[in-house]
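Asks: The lines below spell out each chain.
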Amino acid sequence: MTTTADSSIDNAPSEDTPLVVGGHTLQSRMIVGTGRYDTMTQMRDSLNESGADCVTVAVRRERLYDRSGQNILDFIDLDRYTLLPNTAGCYNAIDAVRAARLGREILKTLGNPGADWVKLEVLGDSKTLLPDPVQTVEACRELAADGFQVLCYTSDCPVTAKRLKEAGAASVMPAGSPIGSGQGLLNKNNLRIILDYLKEGDPDYPVIIDAGVGTASDVSEAFELGADGVLLNTAIAHARDPVRMARAMKYATLAGRDAFLAGRIPKRLYGTASSPAEGMISTRPYGASNAE
Amino acid sequence: MIRITVNGRNVELNESMTVEQMLDRVEVPPNYLAVEVNAEVVPREEYTAHVIQNGDQIELVTLVGGG
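Chains C and S, in that order, are what the protein sequence lines are. 169 is the number that the numbering used here gives to position 125 of the first sequence; each next residue is one higher, with no gaps. 37 is the number that the numbering used here gives to position 56 of the second sequence; each next residue is one higher, with no gaps.
Incorrect hints may have been included.
For each label pair, taking beta carbons as the anchor points, the in silico distance ranges come out as [said to hold, decoys possible]:
1. C:107 <-> S:-1: 22 to 30 Å
2. C:152 <-> S:-1: 15 to 23 Å
3. S:24 <-> C:107: 20 to 28 Å
Listed next, the in silico EDC-like pairs over lysine to aspartate or glutamate satisfying Cα-Cα at most 20 Å (straight line) [as the list claims (entries may be wrong)]:
4. C:311 <-> C:268
5. C:152 <-> C:82
6. C:152 <-> S:1
7. C:152 <-> S:37
8. C:152 <-> S:-4
9. C:152 <-> S:26
10. C:152 <-> S:17
11. C:232 <-> C:285
12. C:209 <-> C:248
13. C:232 <-> C:190
Simulated from the structure, these hints should not be mistaken for laboratory data. Using N, Cα and C, we set each Cβ at its ideal position, and we do this for glycine too.
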């Protein structure tokens, strides 16, 4: 499927394909979180500016109204956004599976198409928020068997990424760096290896960089590496001006993806002139060595 | 007297009730909620038939902001 070319910068690059994850087709390759905003209206405006059509949410014990008497579901247009419930904060497979099933039940009731998928996150360490690979694989396998399309948050370990794909993950989502750290992509070599391994013989398999984004260039870099999508939250929500940062992220997504599709030039040690060699008024012959 | 836990808190009920009757007591839109009894999700279509038992551990959850 090919999107229609459009002169507007707000639209997807021409002749690009949408991001397909399991049975879901997303027009924006950026998925954004809904947490950590100062206010619900700031969140709503940031989501709007980001251009995303998929947003993540968390499942928590009922405290339906926050201190200002507002509920997040009153600030998210359910006809516009596909919700992606997460299992954030779970530290074992049992809790993660329970959270996923509860999220599914709410989304089914809301009639939102996100009812059949989940962002699986099983943490192994409360300080780094790095995932527990064993529990994540176990939960992924169980949720996939239960009919979920599982988008798996994981570290940048290529072997774990392979195991998650084998366990039935609809998408593997390696972290660029720890959640909320804003450190960007710390191990690009590992991310390249993950992309290489997971797409071998399966080029359309979606790999989404999830977590660690600090600013717009991190997003572009992820796409330039070949990532199919980027998932981020704090980099927008905790920016000094979240709405403006949401817009920056949107353009970074388009720029990075376009750069990947366009194909970067190889890096060379020495310079190559952009201007013609002929017709110079210089007395120094073109191509003369530095010694001449 | 029926003793249950709801979201980790001990609650005493004078009489037996269904999940639907329990949700009637919560001042929140029921479509924002999911219910789990003893670690198993109660599907919405079973709210009227599912009777809460003594000792049940109940979780009432909703969606909040998250990444």
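Asks: Would you mind marking each hint as holding or not holding in the structure?
Replies: We went through each hint and held it up to the structure:
Distance hint check: the CB atoms of residue 107 (chain C) and residue -1 (chain S) are about 23 Å apart, consistent with the given range 22 to 30 Å. With their beta carbons about 20 Å apart, residue 152 (chain C) and residue -1 (chain S) fall inside the hinted range of 15 to 23 Å. The given range of 20 to 28 Å is respected by residue 24 (chain S) and residue 107 (chain C), whose C-beta atoms sit roughly 23 Å from each other. Annotation: proposed proximity of residue 311 (chain C) to residue 268 (chain C) holds, straight-line Cα distance about 14 Å (limit 20 Å).
For the given pair, residue 152 (chain C) sits about 29 Å from residue 82 (chain C) by alpha-carbon distance, which is inconsistent with the 20 Å threshold. Proximity of residue 152 (chain C) to residue 1 (chain S) is assessed by CA-CA distance (about 17 Å); at most 20 Å being required, the pair is judged to hold. Proximity of residue 152 (chain C) to residue 37 (chain S) is assessed by CA-CA distance (about 24 Å); at most 20 Å being required, the pair is judged violated. This hinted pair does not check out: residue 152 (chain C) and residue -4 (chain S) have alpha carbons roughly 30 Å apart, beyond 20 Å.
Annotation: proposed proximity of residue 152 (chain C) to residue 26 (chain S) holds, straight-line Cα distance about 12 Å (limit 20 Å). For the hint pairing residue 152 (chain C) with residue 17 (chain S), the CA-to-CA distance comes to about 15 Å; that is within 20 Å, so the pair holds. With a C-alpha separation of about 28 Å, the suggested pair residue 232 (chain C) and residue 285 (chain C) falls outside the 20 Å cut-off, and the hint is violated. Under the criterion of a C-alpha separation no larger than 20 Å, the hint pairing residue 209 (chain C) with residue 248 (chain C) is consistent with the structure, at around 13 Å.
For the hint linking residue 232 (chain C) to residue 190 (chain C), the alpha-carbon distance of about 34 Å lies beyond 20 Å, and the restraint is violated.
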